[in-house]
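Novice: Residue numbers (our numbering), protein chains in the order written: chain A, 1 to 245; chain B, 1 to 368.
FYI, nobody ran anything at the bench for these hints, they're computed from the structure. None of the values given here were measured: they were computed from a predicted structure. Do not rely on the hints blindly, as some may be mistaken.
[What the hints assert, rightly or not] Under the rule of at most 30 Å between Cα atoms (straight-line distance), these lysine-lysine pairs were calculated in the BS3-like manner:
(1) A:K55 x B:K362
(2) A:K77 x B:K213
(3) B:K245 x A:K85
(4) A:K143 x B:K199
(5) B:K361 x B:K199
Each chain, written out:
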Amino acid sequence: MENVIVAKNLTKRFGHFTAVDNISFEVKRGEIFGFLGANGAGKTTAMRMLCGLSKQTEGIATVAGYDIHRETEFVKKNIGYMSQKFSLYDDLKVWENIELFAGIYGMNDKAIRSNTDLLMQELNFENERNALVGSLPLGFKQKLAFSVAIFHKPQVVFLDEPTGGVDPITRRMFWEMIYKAAENGITVFVTTHYMDEAEYCHRVSIMVDGRIEALDSPANLKSKYQAANMDEVFQKLARKSQRTE
Amino acid sequence: MKQLYSFIKKEFYHILRDKTTILILLLMPIIQIILFGFALTTEVRNTNVAILIPANDVLANELAARIDASSYFNIVEQIHTKSDIQAVFRDARAKLVIVFENDFSKNLMQLGVSHIQLIADATDPNAATSFSFYASNIIQNYQHDLAHQAFIPGTITPEVKMLYNPQMKGAFNFVPGVLGMILILICAMMTSIAIVREKEMGTMEVLLVSPMKPLYTILSKIAPYFVLSCVNFTTIILLSVFVLKVPIAGSFASLVFVSLLYIFVALALGLLISTLTTTQVSAMLISGMGLMIPVMLLSGMIFPIENMPLPLQLLSTIVPARWYIAAVKSVMIQGLGFSSILREVLILSLMATVLVAVSMKKFKVRLE
């Protein structure tokens with residue numbers, strides 16, 4: 001299968017501090033790629049570079065076939081993004097949020113209408129269509145935010161700790177949505193703190209002090225580090241960290 | 001275009017759904033116009049004076065010298081005909097013109113009565129009342145001294161005439177002031193808060209990752225506040241014309257033009273503030289301390305600028321409201337043409353250019 005994300009020797013320095021240190025990896029189409037690391041390990045910085053929010057100091061990377069530095073505009077058109085903070089507008093209605101972001105990604109009115117109808121059915125949201133997003137429970141909001149992030153059918157969706165503060169049942173449902181998106185050919189690039197979630201990923205990379213210390217499927221990582229679960233793998237690797245927060 | 005349209009629509013939703021804020025923003029100008037009915041009294045020093053004085057008139061010259069010697073007045077110019085008076089005011093060379101009648105000394109000594117006319121620029125009514133009162137006082141003292149020391153009994157009758165604002169309405173003065181304040185409040189403060197709110201909520205990050213052009217983000221943030229400012233401008237003008245009976249003496253087009261320019265400066269200021277801060281609270285504090293207070297104190301709205309110590313006078317030159325209020329006074333109250341506010345228009349344009357350039361540059365940096 002083709003590579004949707006290719007990073008080669010990507011480095012980001014802030015003054016003397018090297019936040020991301022020479023990382024290289026590939027992500028294939030339709031893959032769910034887990035991006036793990038302790039706080040301050042450099043995950044967010046790496047992700048920001050791939051989204052075109054931050055300029056790399058060294059190295060090159062392509063996302064959806066476009067150079068992240070030279071062709072940022074094309075990269076942006078082909079990705080979706082869901083941030084750590086809840087990022088829809090509380091004072092807009094559900095359908096208005098959808099319409100806004102679809103409009104920003106240049107979708108036409110007809111497609112927006114029919115896809116909105118479809119989405120409302122899928123999510124069982126028909127009664128909430130006209131509700132202000134601020135009045136919805138967190139689980140609903142989170143699902144909606146993800147749906148909005150992939151509404152314009154991007155090639156890659158970047159999820160920055162998408163399930164923070166959400167109850168286990170909603171997290172479970174959220175991951176079902178992620179699987180479905182991957183089945184539809186959307187590549188999922190996800191950072192997370194929850195090690196049980198790491199088990200759901202096809203492949204996982206673990207960052208320690210700006211470098212990628214391990215990158216493989218959860219099963220291979222567990223056997224390589226002789227661990228019962230991903231949490232143990234993570235503990236073994238993260239212990240090497242020199243950085244203090 | 002679709003992007004811009006969707007985004008502007010969203011901004012209007014934000015504002016229209018926040019009922020309390022929109023109510024405050026729409027009512028504030030009305031309340032302020034009514035509140036500011038009470039004008040404040042201020043002392044005026046070093047007022048520029050022009051005199052029309054008959055040649056070789058001993059007593060008239062003596063009186064003029066005495067006026068010049070007081071700390072309230074500086075005689076800056078001698079004019080030769082009554083027709084020059086208008087020009088003196090139009091070019092703002094003096095705030096007060098003192099006209100001595102022909103044969104001033106002769107009339108005083110032979111007839112026992114002579115006349116002096118005090119013609120004041122009452123665009124700023126508080127100042128005009130104060131300085132004409134001081135001038136009358138000096139004249140009376142002089143008359144008193146003459147009677148006692150030189151034994152010339154006689155009365156000098158000062159006749160005070162207020163130009164531009166004959167009824168001395170305070171409203172004439174504070175309407176431009178309220179305009180200057182409301183517009184900066186809505187444009188600068190609300191715009192900066194609106195942009196910073198996106199940063200605080202985390203939605204700005206999503207917008208930066210999206211293909212949304214930064215220029216569009218800025219334009220759509222500005223659009224609703226621009227509309228709101230125009231609504232407020234209309235409210236204030238309607239209130240002042242129909243309720244306070246302050247007429248628009250000059251060209252309405254010039255007034256609208258200079259107001260649009262000022263709104264533009266204020267929006268650019270708001271944009272600049274939003275690039276400097278990351279929380280709504282600090283945006284509000286910066287606009288409050290950094291904009292509202294200078295507008296109230298340094299724009300000439302409450303305290304006359306001529307009266308301030310030099311450092312404050314210099315500081316007031318960077319307050320956009322100072323130039324705007326001066327221009328509105330000239331156009332709305334003195335009825336002067338566009339050519340008379342050319343200086344104000346140029347300064348405001350310069351400020352707009354600098355502010356837009358700096359904030360656009362700053363806004364782009366945020367993307368890095």
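Novice: Hint by hint, note whether the structure agrees.
Specialist: A quick look at each hint next to the structure:
no. : hint            : in the structure
1   : A:K55 x B:K362  : holds, 16 Å
2   : A:K77 x B:K213  : holds, 12 Å
3   : B:K245 x A:K85  : violated, 53 Å
4   : A:K143 x B:K199 : holds, 22 Å
5   : B:K361 x B:K199 : holds, 18 Å
The structure is inconsistent with hint 3 alone, although it conforms to all the rest.
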